[in-house]
Every structure is written in C-alpha cells, then in structure tokens.
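Quick note: the sequence shown, position 107, residue 107 per my numbering, numbers continuous.
Don't take every hint at face value.
What the hints assert, rightly or not - Using C-beta positions, here's what the derived DEER-type ranges look like:
1) SER97 - ILE22: 24 to 30 angstroms
2) GLU59 - ARG29: 42 to 48 angstroms
3) ASN21 - GLY101: 37 to 43 angstroms
4) GLU99 - LEU31: 27 to 33 angstroms
5) ARG72 - VAL28: 26 to 32 angstroms
6) THR17 - ALA56: 35 to 41 angstroms
7) GLN73 - THR19: 20 to 26 angstroms
8) MET100 - HIS33: 20 to 26 angstroms
Hints are computed from structural coordinates only; laboratory data are not their basis.
The beta-carbon is built from N, C-alpha and C at its ideal position, and this holds for glycine as well.
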Amino acid sequence: MQDSSENVASSRSMIVTTTENIPGTTVVRTLGHVFGLTVRSRSLGGNIAAGLKSLAGGEIRSYVKLNEDSRRQALDRMVENAAAMGANAVTMMRFDSTEMGKTMSEIVAYGTARVIEWDATPPAAAQG
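Full structure from sequences and hints, please.
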C-alpha cells in the first residue's frame with residue numbers, strides 16, 4: 001500500500017503548463033522528463049479526399065480533426081506517465097511532430113514532471 005506522499009497525483013488533478021513556474025506553488029521535487037506519444041495515419045480514402053480538397057484550397061477538416069485527436073491522445077498519455085511517476089504537475093510542456101514516411105505522423109507531448117505544493121489556498125478553491 002502506498003502512503004499519501006507517493007500517490008500525490010491520484011488525489012488531485014494534474015496541472016499542465018507551458019511555463020517553468022506555477023504562481024503560488026513551491027516545487028517539492030523535480031522527477032524528470034515525461035512524454036506521451038502517438039503515431040497516426042489517415043486511411044487511403046481520407047488521403048484521396050484530402051488530396052482533392054488541396055486542389056481547391058482551404059482547410060482540410062479531416063486532417064485538422066486527426067491532428068487535434070493525436071495531440072489530445074499524446075497529452076493524455078503524458079499525464080498518465082507523469083501520474084505514474086508520482087507527479088501532480090507537468091511544467092515546460094511542449095508538442096513536437098515528425099513525419100514518418102509519406103502517410104504517418106508522430107505526435108509527442110513532453111515536459112518536466114514535478115511534485116508541487118500550494119503556498120496558500122489554490123486560487124480556484126479561494127473563489128468557491
């Protein structure tokens with residue numbers, strides 16, 4: 001059985017930020033880098049439809065949805081990995097992507113897993 005200090009992330013929601021610091025908090029421990037990734041590919045039919053749409057110009061909505069879903073999945077996996085490390089926050093979060101061949105894309109979300117404590121009452125709790 002884990003004690004409460006080892007299971008910080010399960011009792012609170014994960015804070016994910018692109019900044020290095022979170023105002024009103026103190027970093028208790030920096031656990032290291034954390035990431036989540038996914039590799040996605042459009043179907044043949046989707047690629048053909050997107051190719052036809054690109055001839056006319058404009059937004060290719062099926063690719064937008066694919067990329068939004070991919071980023072969300074990579075972010076969710078990063079949060080799961082940070083929680084498994086015992087973190088309750090990820091700072092310096094970024095996305096990166098790479099083409100793999102002509103039909104696949106790798107999307108990665110990465111950042112620094114940390115255990116933080118609020119200096120005082122968290123802003124959301126103070127308002128409610």
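The hints, checked one at a time:
| no. | hint | in the structure |
| --- | --- | --- |
| 1 | SER97 - ILE22: 24 to 30 angstroms | holds, 26 angstroms |
| 2 | GLU59 - ARG29: 42 to 48 angstroms | holds, 43 angstroms |
| 3 | ASN21 - GLY101: 37 to 43 angstroms | holds, 39 angstroms |
| 4 | GLU99 - LEU31: 27 to 33 angstroms | holds, 31 angstroms |
| 5 | ARG72 - VAL28: 26 to 32 angstroms | holds, 28 angstroms |
| 6 | THR17 - ALA56: 35 to 41 angstroms | holds, 39 angstroms |
| 7 | GLN73 - THR19: 20 to 26 angstroms | holds, 23 angstroms |
| 8 | MET100 - HIS33: 20 to 26 angstroms | holds, 22 angstroms |
In summary, this structure violates none of the numbered hints.
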